[in-house]
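Participant: Take a look at the letters that make up each chain.
There are 2 protein chains.
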Amino acid sequence: MELLSRTPPGWARLAALRFDEVLVDHAHCEKKAAANALSMLAAFPDVPGLPRAMARLAREEAGHLAQVLHLLERRGLRLGRDPGDPYAQALQTQVRQPRAERLLDRLLVAALIELRSQERLALLAEHLVEPDLRDFYVRLATAEAGHGELFWKLAVKVSPEEAPHRGAQLATAEARLVERLPLRAAIH
Amino acid sequence: MELLSRTPPGWARLAALRFDEVLVDHAHCEKKAAANALSMLAAFPDVPGLPRAMARLAREEAGHLAQVLHLLERRGLRLGRDPGDPYAQALQTQVRQPRAERLLDRLLVAALIELRSQERLALLAEHLVEPDLRDFYVRLATAEAGHGELFWKLAVKVSPEEAPHRGAQLATAEARLVERLPLRAAIH
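Protein chains in written order, with the working numbering: chain E, 19 to 206; chain W, 19 to 206.
Source of the hints: derived by calculation from the structure; they are not laboratory data.
Any given hint could turn out to be false.
[Said to hold, decoys possible] No farther apart than 25 Å at their CA atoms in a straight line, the calculated lysine to any residue pairs in the SDA-like style are these:
no., chain 1, residue 1, chain 2, residue 2
1, W, 171, E, 81
2, E, 50, W, 31
3, E, 50, W, 71
4, W, 50, E, 66
5, W, 175, E, 88
6, E, 171, W, 91
7, W, 50, E, 70
8, W, 171, W, 71
9, W, 50, E, 67
10, W, 175, E, 63
11, E, 50, W, 85
12, E, 175, E, 61
13, E, 50, W, 54
14, W, 171, E, 102
15, E, 175, E, 203
16, W, 175, E, 91
17, W, 50, E, 168
18, E, 50, W, 92
19, W, 50, E, 102
20, W, 171, W, 92
21, W, 171, W, 91
22, E, 175, W, 91
23, E, 50, E, 191
24, E, 171, W, 84
25, W, 171, W, 65
26, E, 50, E, 179
27, E, 50, W, 70
28, E, 175, W, 92
[To be verified] Some chain E residues close to chain W (C-beta under 8 Å, calculated; not the full set):
no., residue
29, 80
30, 91
31, 94
From the three backbone atoms N, C-alpha and C, an ideal C-beta is built for every residue, glycine too.
The shape of chain E in the complex, shown without the other chains (with noise of 0.2 Å):
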């Protein structure tokens, strides 16, 4: 699975300008992305496979977010109250309910947002200045490569004829959201 689009080149300026901002809704993302795969895993407990990966990637996702409130903590900041993603939520609205279709669009929407996470990582740390901070977003963005393909894979593994065609459909709408939505400094 691929992006269609790359995201556009004011978001990494604006990302390294108000980076204090983007460091707080990064610990979010970590926050949110650790919950959602143990969500999964109480969701969908029977499906072969799922709930040790995802018990994995709730701890390496956990992992990431205690080093990120320490850097927060380290440059003076307060986490405070996760006032929502517009991106994560628009996507989450195309997740249709039956259960297999539930399961099958949750796992493509979270390879997307961890394609795109991974993306905006790694633009983040090419354009910050101080040494230290590009090498944490340097390992953290080496770090999050594969979150995507682990959900791709099990997407693929639940459901092998419909993932390709579901897969694009959501590709697209992820990328004309991406177009759609304002700059904001903030991962997404």
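With chain E's structure known, arrange chain W on it following the hints.
Facilitator: Relative to the frame of chain E, chain W by itself:
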């Protein structure tokens, strides 16, 4: 903080006898522990030190969850839906609703659940016959030690005056609950 009662001796015999059921329930407990840590972080992001402590805890519990799920798979067991835990549900009804009280009570209830879980994992380890399983539960009980203390210390930090009194009230309620609930082939 200490538990005010010991688990009845019949529990460990039942748990060792119907270990497969306990193992499935244990996976659900680890999942709820990880999800609860993330939920605490989302609900109380402005309590100093709480978000990072909860992120680390979520990472650790998700790691235990992955290990328990691995053991489930090796025994040919399926996770299945979480049928819910009458013990934890009954304790949660004790949580008062105004924000400050809710924070204190959620910390104290989490401390008690962690202490009881640790007691039972250690008891289970003593009663298991297979050396691999016994070692696994000794390791997990050791890893869980300190989680009760973590929640208790946060409780004292956020509410130094009320924590001892309210902690004693809730510990009394917890001990009565353990006495009242029928023994189950489950962690609680």
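Participant: Hint by hint, say whether it matches the structure.
Facilitator: The hints, checked one at a time:
no. : hint          : result
1   : W/171 - E/81  : holds (22 Å)
2   : E/50 - W/31   : violated (40 Å)
3   : E/50 - W/71   : holds (17 Å)
4   : W/50 - E/66   : holds (20 Å)
5   : W/175 - E/88  : holds (20 Å)
6   : E/171 - W/91  : holds (20 Å)
7   : W/50 - E/70   : holds (15 Å)
8   : W/171 - W/71  : holds (11 Å)
9   : W/50 - E/67   : holds (19 Å)
10  : W/175 - E/63  : violated (37 Å)
11  : E/50 - W/85   : holds (22 Å)
12  : E/175 - E/61  : holds (17 Å)
13  : E/50 - W/54   : holds (13 Å)
14  : W/171 - E/102 : violated (31 Å)
15  : E/175 - E/203 : violated (36 Å)
16  : W/175 - E/91  : holds (18 Å)
17  : W/50 - E/168  : holds (23 Å)
18  : E/50 - W/92   : violated (30 Å)
19  : W/50 - E/102  : holds (23 Å)
20  : W/171 - W/92  : violated (38 Å)
21  : W/171 - W/91  : violated (36 Å)
22  : E/175 - W/91  : holds (18 Å)
23  : E/50 - E/191  : holds (21 Å)
24  : E/171 - W/84  : holds (19 Å)
25  : W/171 - W/65  : holds (13 Å)
26  : E/50 - E/179  : violated (29 Å)
27  : E/50 - W/70   : holds (15 Å)
28  : E/175 - W/92  : holds (21 Å)
29  : 80            : holds (4 Å)
30  : 91            : holds (7 Å)
31  : 94            : violated (12 Å)
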